[in-house]
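If you read the protein sequences in the order shown, they are chains A and B. Note that numbering that gives the first Met the number 0 numbers the first sequence so that position 366 is 365, with each residue one more than the last. Note that numbering that gives the first Met the number 0 numbers the second sequence so that position 54 is 53, with each residue one more than the last.
These are computed hints drawn from the structure, not numbers from a lab. Glycine residues also receive a C-beta, built at the ideal position from the N, C-alpha and C atoms. Hints should not be assumed to be uniformly reliable.
Stated by the list, open to error - Covered stretches of chain A, as calculated for chain B (at least 3 residues, CB under 8 angstroms):
no. : segment
1   : 29-39
2   : 212-219
3   : 321-329
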Amino acid sequence: MSNKTVLFDKHVEYGGKIVDFAGWQMPVNYGSQIDEHHQVRNDAGMFDVSHMKIIDLLPASDDADIKGFLQYMLANDVAKLSEPGKALYSCMLNENGGVIDDLIVYYLNADWYRLVVNAGTAEKDIEWLQQHAGRFDVTLKVRDDLAMIAVQGPDAREKALSVMPDDIAKAASVIKRFYGVARGDWFVGRTGYTGEDGFEIMLPKTEAPAFWDALAAAGVKPCGLGARDTLRLEAGMNLYGSDMSEETSPLISGLAWTVAWQPETRDFIGRSALEAEKAAGVDQKLVGLVLEDRGILRGHQKVVAEDESGNVIGEGEITSGTFSPSLQKSIALARVPVTIGSHCKVEIRGKLLNATVVRPVFVREGKPV
Amino acid sequence: MSEIPSELKYTDSHEWLRLDEDGLVTVGITDHAQELLGDLVFVELPEAGTEYSTGDECCVVESVKAASDVYMPISGEIVEVNDMLSDEPEVINSSPYDNGWLFRIQPSAPEELEELMDAEAYAAEIEE
Numbered sequence: 000m001s002n003k004t005v006l007f008d009k010h011v012e013y014g015g016k017i018v019d020f021a022g023w024q025m026p027v028n029y030g031s032q033i034d035e036h037h038q039v040r041n042d043a044g045m046f047d048v049s050h051m052k053i054i055d056l057l058p059a060s061d062d063a064d065i066k067g068f069l070q071y072m073l074a075n076d077v078a079k080l081s082e083p084g085k086a087l088y089s090c091m092l093n094e095n096g097g098v099i100d101d102l103i104v105y106y107l108n109a110d111w112y113r114l115v116v117n118a119g120t121a122e123k124d125i126e127w128l129q130q131h132a133g134r135f136d137v138t139l140k141v142r143d144d145l146a147m148i149a150v151q152g153p154d155a156r157e158k159a160l161s162v163m164p165d166d167i168a169k170a171a172s173v174i175k176r177f178y179g180v181a182r183g184d185w186f187v188g189r190t191g192y193t194g195e196d197g198f199e200i201m202l203p204k205t206e207a208p209a210f211w212d213a214l215a216a217a218g219v220k221p222c223g224l225g226a227r228d229t230l231r232l233e234a235g236m237n238l239y240g241s242d243m244s245e246e247t248s249p250l251i252s253g254l255a256w257t258v259a260w261q262p263e264t265r266d267f268i269g270r271s272a273l274e275a276e277k278a279a280g281v282d283q284k285l286v287g288l289v290l291e292d293r294g295i296l297r298g299h300q301k302v303v304a305e306d307e308s309g310n311v312i313g314e315g316e317i318t319s320g321t322f323s324p325s326l327q328k329s330i331a332l333a334r335v336p337v338t339i340g341s342h343c344k345v346e347i348r349g350k351l352l353n354a355t356v357v358r359p360v361f362v363r364e365g366k367p368v
Numbered sequence: 000m001s002e003i004p005s006e007l008k009y010t011d012s013h014e015w016l017r018l019d020e021d022g023l024v025t026v027g028i029t030d031h032a033q034e035l036l037g038d039l040v041f042v043e044l045p046e047a048g049t050e051y052s053t054g055d056e057c058c059v060v061e062s063v064k065a066a067s068d069v070y071m072p073i074s075g076e077i078v079e080v081n082d083m084l085s086d087e088p089e090v091i092n093s094s095p096y097d098n099g100w101l102f103r104i105q106p107s108a109p110e111e112l113e114e115l116m117d118a119e120a121y122a123a124e125i126e127e
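With the rest of the complex left out, here is chain A (with noise of 0.2 angstroms):
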């Protein structure tokens, strides 16, 4: 299985570089990803998205409730989201309190709730979604019919507004940061998944390919899935499949902040599970490391864990490593023994080599954390 976006065309056009990436074929760069990790840290850069799943939460009769349903599937709290547009990061959990997918949840109006959630998980979370949406009346509305673009850094907005059509340009040039706003089947959201400044704009399919060359020739200029990866992993932000997954609660994924505990008679998927797990001693965490010696951080590399003193107190393993080209160094998202001191040591290749422990942040609109 192997799909295109409707912007596939312009990838090979542009000089996209085509791999797989969770069943799509999508670039990986057109180039070179770490000039187009630079683009979007100092300037604009655009990204295909289309691959990603938008799912419309709508009423199945009068007696809809998508608050209530939103509300016991996810570990975030929809009672957040009072003001129309407002989004929110949540976990979607199984019962055992493992993370089925990470997603966004629009607000638009009490009978309309926009989920985006990742293209490799997308099959399954439309059957979990399903599976409780009847007892809810609510409908899930696929929306096959649209693309999406993330338009993201400094100048992003501003390129990115001087091509949408004047309404949706109007409206969203006045939308806060985690907002999003709607004009007949557009939409453009102020997030992304840069650390950047931006927006993700969800656009008619048919409308696409002119939007991205008029996009392009407004000086936003093609990135591919490899930047994205440095640019999220800087940011701190997580990877589902990578840095949490079904076998790993948002408590040891770095993603406690978006469970919301209160009020406690909120019953949602996973919360006894995780309310177990809290009670029994949390003994993980995510952190980030920066790798001191030379040599590049990697996925499911073993990180040897030191308390102050420098004793070894446990392993722990790296969920995503990369190169940072912002901060020319290697960095990475480790799972850790929650005890971990400021230091540790990681194996590659069958050395031992020096490693800090930081807060998982490393780069912030365009500025070293």
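Knowing the structure of chain A, use the given hints to seat chain B on it.
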């Protein structure tokens, strides 16, 4: 299309070799290999003085994307490594056949060179 100089020898693991006038053999990775890897950010070079047999893992090149082993294409002793790559691994991307060379070998069995692919055979190999 990647560049495949006609005067070099090639392996199916994408190393190139050049027999120099002093009898030493210079080794690097091909243009095709650097294209596949993408931006190179780290090179772990072998140590001069080490002897290897054909096919030994002797060097690692890492791009942002992935780590890739470089195999000793013929048996012999490493006599020189390209130290410039420690600070500027991206030279392999920009100049895979010249400034981006990896190491030089004193071959222990120079006839092994004859068994390697020529440019035409390598071109056919990567076409597949």
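Results of checking the hints against the structure:
{"no.": "1", "hint": "29-39", "result": "holds (count 3)"}
{"no.": "2", "hint": "212-219", "result": "violated (count 0)"}
{"no.": "3", "hint": "321-329", "result": "holds (count 4)"}
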